[in-house]
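A.B. asks: Chain residues, written in single-letter form:
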Amino acid sequence: MKKLHPASVAVRSLSRSLNTGFVFFLIGVVVSPGGNGMDLLSILGLVVVGILTGIVYEFAYYQRFRYELTADTFDVTSGVLSRRTRELPLGRIQNVDIRQNVVNRLLGIAAVHIETAGGGETEVSLRYVSEAEARRLRRQLRQGARTDVEAEDEDSLAETESTGESPAAAADDEALLFEITSRELAILSVFTIDPGASVLGGIALSFASGFDPATLIPTGRVEGLPGPATGVFALAWGLFLFVLAAWVISATLTFTRYYGFRLTRAGDELYYERGLLQRYSGTIPLEKVQALTISEAIPFRWFGYAALSVETAGYAPGQSGSRGTESAIPLADTDRVAALARAIEPFGPIDLESPPQRARERYMVRYLLVVAALVAGAYVAARYTPLERWYVAAILVAVVPVAAHLKWTNRGFRVGDRYFLSRTGVWRRTTKVVPHYRVQAVLHEATIFQRRRHLASVTADTASSASFFGRAATAHDVDADRGLEVQAAIEEQLQERLRIRKHQQPADRWGQDTREPTDDTSMVDDDEA
Amino acid sequence: MERLTPRVRIVWLVLAVVRAAILGGLLIGGAIALSRIEIADAAPVPLVPSAAGLAVVLAIVRIAIAWRRYGVWRFELRDDDLYIRRGVFTRTKTVVPFVRVQHVDSRRSPLERTVGLATVVVYTAGSRSSDVAIPGLTPARAEALQESLRRLAIESEGEDAV
Numbered sequence: 001m002k003k004l005h006p007a008s009v010a011v012r013s014l015s016r017s018l019n020t021g022f023v024f025f026l027i028g029v030v031v032s033p034g035g036n037g038m039d040l041l042s043i044l045g046l047v048v049v050g051i052l053t054g055i056v057y058e059f060a061y062y063q064r065f066r067y068e069l070t071a072d073t074f075d076v077t078s079g080v081l082s083r084r085t086r087e088l089p090l091g092r093i094q095n096v097d098i099r100q101n102v103v104n105r106l107l108g109i110a111a112v113h114i115e116t117a118g119g120g121e122t123e124v125s126l127r128y129v130s131e132a133e134a135r136r137l138r139r140q141l142r143q144g145a146r147t148d149v150e151a152e153d154e155d156s157l158a159e160t161e162s163t164g165e166s167p168a169a170a171a172d173d174e175a176l177l178f179e180i181t182s183r184e185l186a187i188l189s190v191f192t193i194d195p196g197a198s199v200l201g202g203i204a205l206s207f208a209s210g211f212d213p214a215t216l217i218p219t220g221r222v223e224g225l226p227g228p229a230t231g232v233f234a235l236a237w238g239l240f241l242f243v244l245a246a247w248v249i250s251a252t253l254t255f256t257r258y259y260g261f262r263l264t265r266a267g268d269e270l271y272y273e274r275g276l277l278q279r280y281s282g283t284i285p286l287e288k289v290q291a292l293t294i295s296e297a298i299p300f301r302w303f304g305y306a307a308l309s310v311e312t313a314g315y316a317p318g319q320s321g322s323r324g325t326e327s328a329i330p331l332a333d334t335d336r337v338a339a340l341a342r343a344i345e346p347f348g349p350i351d352l353e354s355p356p357q358r359a360r361e362r363y364m365v366r367y368l369l370v371v372a373a374l375v376a377g378a379y380v381a382a383r384y385t386p387l388e389r390w391y392v393a394a395i396l397v398a399v400v401p402v403a404a405h406l407k408w409t410n411r412g413f414r415v416g417d418r419y420f421l422s423r424t425g426v427w428r429r430t431t432k433v434v435p436h437y438r439v440q441a442v443l444h445e446a447t448i449f450q451r452r453r454h455l456a457s458v459t460a461d462t463a464s465s466a467s468f469f470g471r472a473a474t475a476h477d478v479d480a481d482r483g484l485e486v487q488a489a490i491e492e493q494l495q496e497r498l499r500i501r502k503h504q505q506p507a508d509r510w511g512q513d514t515r516e517p518t519d520d521t522s523m524v525d526d527d528e529a
Numbered sequence: 001m002e003r004l005t006p007r008v009r010i011v012w013l014v015l016a017v018v019r020a021a022i023l024g025g026l027l028i029g030g031a032i033a034l035s036r037i038e039i040a041d042a043a044p045v046p047l048v049p050s051a052a053g054l055a056v057v058l059a060i061v062r063i064a065i066a067w068r069r070y071g072v073w074r075f076e077l078r079d080d081d082l083y084i085r086r087g088v089f090t091r092t093k094t095v096v097p098f099v100r101v102q103h104v105d106s107r108r109s110p111l112e113r114t115v116g117l118a119t120v121v122v123y124t125a126g127s128r129s130s131d132v133a134i135p136g137l138t139p140a141r142a143e144a145l146q147e148s149l150r151r152l153a154i155e156s157e158g159e160d161a162v
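These protein sequence lines map, in sequence, to chains H and F.
Numbering follows the UniProt record's numbering, in which position 20 of the first sequence is assigned residue number 20; successive positions increment by one, without gaps.
Numbering follows the UniProt record's numbering, in which position 36 of the second sequence is assigned residue number 36; successive positions increment by one, without gaps.
Keep in mind the hints are simulated off the structure, nothing from the lab.
You may find that some hints are simply not true.
The calculated SDA-like cross-link candidates involving lysine to any residue, where the alpha carbons are at most 20 Å apart (straight line), are [claimed, not checked]:
1) H:K502 x F:P46
2) H:K2 x H:A132
3) H:K2 x H:E123
4) H:K2 x H:L88
5) H:K2 x H:R66
6) H:K2 x H:R136
7) H:K502 x F:S156
8) H:K2 x H:R84
9) H:K3 x H:R136
10) H:K3 x H:S198
11) H:K502 x F:L152
12) H:K502 x F:I22
13) H:K502 x H:S130
14) H:K502 x F:R107
15) H:K2 x H:S130
16) H:K2 x H:Y61
17) H:K502 x F:Q102
18) H:K502 x H:Y437
19) H:K2 x H:R83
20) H:K502 x F:A20
21) H:K2 x H:L52
Here chain H stands alone, though its shape is the one from the complex (with noise of 0.2 Å):
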């Protein structure tokens, strides 16, 4: 059994330290006597007494936790208060991450994450271990949980063993598959929206405006300006403070998120590595991947760009930190994604088949009733307020047809022999790729607007954990007989690819180091290959 690298307990005490004192500074001032908070001294006390306590608990901490790779088993024995003992079956291994932030890298220690399918969290957190451990563990989980579903005797692993720390052999077949070009992270950083970033835009603002907004308006430096700062000219040039701010940050965010993002490929799984602060790497098993996903936001759309989410069953939903489909290319060339997209998935041409024009019909009178309900908002806010003219919102309607077009060329999908395609999103176009045999049902679903022009919508369910974003493979809008048709298909396709997998798993598995991702296209009838 290994226990954690030493300084973590230095390092994890400090953050836990800022906690535990932070909160007793708060039981501090409320307890303190007189109730007014004022009494210096025994706040101090408590802060004392709350980091010490953080300093022991860590310790007794770092003292408790044992891990230890075996065979097919990853096991660890946790816990101060109550123990806990987890064996983690190495083929149920989805993801193993590596973060490291600059106080780490500075020590050489980096916290290892490994994910499952199961439960809602990252199963197992090792903080931390040193950098070599880490990266030996990343290698040998892998490796073992290949070796585990091979069946193979514990030859290979015993061998990457006492080669331990060598990482020539590991490195020889690593490919590289894609590394970001600074323009390419420079238009990233431009354009991404950071949700993150307002919050953080306000916070600096009022700092930096001494919580007085009105600081910040630059009354009589602005000569050009008719008559003094208004309300309104206030509250514009606060806005736009604000909208500066949370630009800035949320460009620098992003630039230092993906700095130096690197994605390579050794054997069956691909590695990615980022950050300019805190390092991110983390490997994706190829042979685990549930779903691609290719999406074109607007303005990369215009620069030709396109990004690529690799989803596999192990990142929970709204996980802070590892966002979902962290496994993924942030910004390529549209032609570079797509071709490695099917590098990993050999999913053929994208070639959609549209919904029905009566679908665009439907969209027409969807937005029109929208609309129709702001033109009837505008006449409230007329008739009460000294608003006038109400019907220029009626102008609207010329934008109706266009964005019903919009939306209906965006939309497709395709039911190939081995993957079923989905496109939708005018602003954030997405296509995703769910393989036949990643199925877990197909939906069929007909709402009672849908039902009116004998439409309907396909869902093919898979365990990818962004769907639950609400983002699962969807063809919508399909003519409801198709859409049986699809569905019937999806499933039959699903079936089919389970019995090939079933005949080709003894060869297929042990001729693994040599499998190329296409050779599956050996399965593939002529119209995909």
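Once you've looked at the hints, dock chain F against the given chain H.
C.D. replies: Relative to the frame of chain H, chain F by itself:
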């Protein structure tokens, strides 16, 4: 295509009535509270009666939906999959291949027990709404269904779903 036991309508109707009563209580209570406090002008419409009317309409809609739901519900154990058709407004046809069945539960709420019914829940590893519940089964049928699903899931012995 197999239909549910007609008694399931009792369960759904009772649930609909209870839920409608709770919602109606909230609506009418809110209306009473609003009419008690002095707003600038007296409300232009009689608040309490209109709230009561709304509550009654909603209750009727709920009950109608609960009644209609029985007519729509169908399920079938086919060769390779479980096929389910349901939904009053959104008509959903779900196909769950037996290979993908992770485990099968049978459960009985107090209400179901008094009527003598059971629900079978089929779980998959899928993330969206592909875990399906088949309500309105007699306990014997539920047990048989659970057993055959279990058997079919084992027979089809798929490889790892994830």
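A.B. asks: Give a verdict on every hint.
C.D. replies: A quick look at each hint next to the structure:
1. About 70 Å separates the Cα atoms of K502 of chain H and P46 of chain F, which puts this hinted pair outside 20 Å; it is violated.
2. For the hint linking K2 of chain H to A132 of chain H, the alpha-carbon distance of about 14 Å falls within 20 Å, and the restraint holds.
3. A C-alpha spacing of about 18 Å is found between K2 of chain H and E123 of chain H, which places the hinted pair at or below 20 Å, so the restraint holds.
4. Distance restraint check for K2 of chain H and L88 of chain H: the Cα-Cα separation of roughly 16 Å lies within the 20 Å cut-off, and the hinted pair is therefore satisfied.
5. Between K2 of chain H and R66 of chain H the CA atoms are separated by roughly 5 Å; this keeps the pair inside 20 Å, and the hint holds.
6. For the proposed pair K2 of chain H and R136 of chain H, the alpha carbon gap of about 13 Å is at most 20 Å, so the pair holds.
7. Between K502 of chain H and S156 of chain F the CA atoms are separated by roughly 11 Å; this keeps the pair inside 20 Å, and the hint holds.
8. With a CA separation close to 16 Å, the supplied pair K2 of chain H and R84 of chain H stays within the 20 Å bound.
9. For the hint linking K3 of chain H to R136 of chain H, the alpha-carbon distance of about 15 Å falls within 20 Å, and the restraint holds.
10. A hinted pair counts as satisfied when its Cα atoms are at most 20 Å apart, and K3 of chain H with S198 of chain H does not qualify at roughly 41 Å.
11. With a C-alpha separation of about 17 Å, the suggested pair K502 of chain H and L152 of chain F falls inside the 20 Å cut-off, and the hint holds.
12. Distance restraint check for K502 of chain H and I22 of chain F: the Cα-Cα separation of roughly 54 Å exceeds the 20 Å cut-off, and the hinted pair is therefore not satisfied.
13. Restraint check: the Cα-Cα separation between K502 of chain H and S130 of chain H comes to about 41 Å, which exceeds 20 Å; the hinted pair is violated.
14. The straight-line distance between the Cα atoms of K502 of chain H and R107 of chain F is roughly 34 Å, outside the 20 Å bound, and the hint therefore fails.
15. Distance hint between K2 of chain H and S130 of chain H is fulfilled; the C-alpha atoms sit about 12 Å from each other, no more than 20 Å.
16. Straight-line distance between C-alpha atoms of K2 of chain H and Y61 of chain H comes to about 14 Å, which keeps the hinted pair within the 20 Å bound.
17. Annotation: proposed proximity of K502 of chain H to Q102 of chain F holds, straight-line Cα distance about 19 Å (limit 20 Å).
18. The straight-line distance between the Cα atoms of K502 of chain H and Y437 of chain H is roughly 11 Å, inside the 20 Å bound, and the hint therefore holds.
19. Pair hint K2 of chain H plus R83 of chain H holds up; C-alpha atoms about 17 Å apart against a cutoff of 20 Å.
20. A distance of roughly 52 Å separates the Cα atoms of K502 of chain H and A20 of chain F; the hinted pair therefore is violated under the 20 Å criterion.
21. Among the hinted pairs, K2 of chain H with L52 of chain H is inconsistent with the structure: their alpha-carbon atoms are about 26 Å apart, more than 20 Å.
Hints 1, 10, 12, 13, 14, 20 and 21, counting from the list given before, are not met by this structure.
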